[in-house]
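Enquirer: Sequence:
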Amino acid sequence: MISMAPTPLYLPAEEANRVIRSPIFQRKDNKYNNNNKDLKSSNDPIQTPNNDKSLRKSGSPWLSSQVNSNQAELIELSGKRLSTSSPKLCSEGVGGGVYFIQSEKDTHPISVFKPRDEENGIVGPNHSIMGMKAGTLPGEGVFKEVAIYLFDQLHNGYFGVPVTTLVEVQHPIWNKRQVDGAATENNYSDQLDIKKIGSLQEFIVYEDTADEVGCSKFSVDDIHRIGLLDSLVLNCDRHSGNLLVVAKEDSDGLELVPIDHSLCLPSSDQLSDAWFDWINFPQSKVPFNQKEKQLIQSIDIDQVIRQLHVKLPKLRLACLETLKLTTLFVKKAVGAGLNLCQIGMAISRYQSLDQPSPLESIVTNTIKTQKLSLSNPHFWTAYQNEIDLFIAQNY
357 MISMAPTPLY LPAEEANRVI RSPIFQRKDN KYNNNNKDLK SSNDPIQTPN
407 NDKSLRKSGS PWLSSQVNSN QAELIELSGK RLSTSSPKLC SEGVGGGVYF
457 IQSEKDTHPI SVFKPRDEEN GIVGPNHSIM GMKAGTLPGE GVFKEVAIYL
507 FDQLHNGYFG VPVTTLVEVQ HPIWNKRQVD GAATENNYSD QLDIKKIGSL
557 QEFIVYEDTA DEVGCSKFSV DDIHRIGLLD SLVLNCDRHS GNLLVVAKED
607 SDGLELVPID HSLCLPSSDQ LSDAWFDWIN FPQSKVPFNQ KEKQLIQSID
657 IDQVIRQLHV KLPKLRLACL ETLKLTTLFV KKAVGAGLNL CQIGMAISRY
707 QSLDQPSPLE SIVTNTIKTQ KLSLSNPHFW TAYQNEIDLF IAQNY
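Each residue of the sequence shown is one higher than the one before, starting from 357 at the first, in my numbering.
Keep in mind the hints are simulated off the structure, nothing from the lab. Hints may be right or wrong, so weigh each one.
List of simulated lysine to any residue pairs, SDA-like, C-alpha gap at most 20 Å [unchecked claim]: (1) LYS687 with LEU610; (2) LYS680 with GLN639; (3) LYS688 with ARG581; (4) LYS688 with VAL613; (5) LYS667 with ASN426; (6) LYS670 with ALA490; (7) LYS649 with HIS511; (8) LYS724 with ALA674; (9) LYS724 with GLN707; (10) LYS687 with ILE657; (11) LYS649 with HIS665.
Produce the complete structure using the sequences and hints provided.
Expert: Next up, the structure:
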């Protein structure tokens, strides 16, 4: 039976809180085993698309027409494979549908596809549908995945996010439907294959995930790199299970690769309960070096936001406002000599997942005392003054 596209899961809010808000969320979305135990595989012959244009970059209004050479290469390689093979559905993970696109030799996938219409959500008040974290929406995670890669590229790939792009995938695997729990196939002989918009990410061959390797194996530079990224983009789903441990080619050392960024950048009016495993790593207490300080201080956040908005016009402006809130805080904190642990504790709900973080309180205080909205240019001056006051009073 051909793998079926799962119906998006909408958990009751109470159940979602138990699953998602666990401080150490045990999940391995992209663990790949060549024996395919983690894949819902098919014994049927491979279904091939009706034409060779099974995968292409997603055009307006989803993404600007420009892609870099690495994105273009990923699209080309994945498209060639989809012309002769079916994507395989990964059976693990609660974020929604995750598909592996296999390499020609089938030793490991070449890419990971996450469809927009299969992202999970939460049933909120009045039966409204929300994302898996406050301030997120089902269907926008694919834009976040691409946005974090583009953000990394604007800083010369410093953070090490795998190549990610927005694509439209067309394949007969999605012409299947499930009726009353049984797989049935409708007659689509005269119709084009179903198309899905989603994020396509380079598959990283890795040794293990960070939750299986002691943190003493990781370098200070790696923890700082990951921690700064998470702080800047307010990653609400960073746990050791979505940090891939990769063996360096030129040494016996290990390198961390960050994945799963669909729950970053919650909207600015609903900053979510971020949690970072690395807060408890001793490397996070080591002071930043000069290179790291210069990188943070060099970020022109207004220019970054303009470029991201042009490249991802469907990414909500409220999410980009969050990027400005966090970046201004991190710049102030690094300039004042705070270490990564201190920054993480101020941005996340480290003390209690049920209580606002210091960052959330700073934003709320600025809005209340100044009676300004984030759309008012004067808000940002007042906000930075509140950050200075917070740092002076607490460090």
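Enquirer: For the pair supplied as a hint, LYS680 and GLN639, confirm whether the alpha-carbon distance does not exceed 20 Å.
Expert: With Cα atoms ~26 Å apart, LYS680 and GLN639 exceed 20 Å; violated.
Enquirer: Just to be careful, I want the Cα atoms of LYS667 and ASN426 compared with a cutoff of 20 Å; is the pair within it?
Expert: holds (16 Å)
Enquirer: With the threshold set at 20 Å, check whether the alpha-carbon distance from LYS687 to LEU610 stays at or below it.
Expert: Violated, at roughly 28 Å.
Enquirer: Within a Cα-Cα threshold of 20 Å, do LYS687 and ILE657 meet the stated pairing?
Expert: holds (10 Å)
Enquirer: Next pair to validate is LYS649 with HIS665; report whether the Cα-Cα distance is within 20 Å.
Expert: Distance of about 26 Å is beyond 20 Å: violated.
Enquirer: For the pair supplied as a hint, LYS688 and ARG581, is the alpha-carbon distance within the 20 Å limit?
Expert: Given that 20 Å is the threshold and the Cα spacing comes to 18 Å, the pair holds.
Enquirer: For the pair supplied as a hint, LYS724 and GLN707, is the alpha-carbon distance within the 20 Å limit?
Expert: violated (24 Å)
Enquirer: Take a quick look at whether LYS649 and HIS511 sit within 20 Å of each other, Cα to Cα.
Expert: holds (13 Å)
Enquirer: Is LYS724 within 20 Å of ALA674, Cα to Cα?
Expert: holds (18 Å)
Enquirer: Take a quick look at whether LYS688 and VAL613 sit within 20 Å of each other, Cα to Cα.
Expert: Violated, because 26 Å separates the two Cα atoms, which is more than 20 Å.
Enquirer: Holds or violated: LYS670 and ALA490, Cα atoms, limit 20 Å.
Expert: holds (19 Å)
When each numbered hint is compared with the structure, violations occur for hints 1, 2, 4, 9, 11.
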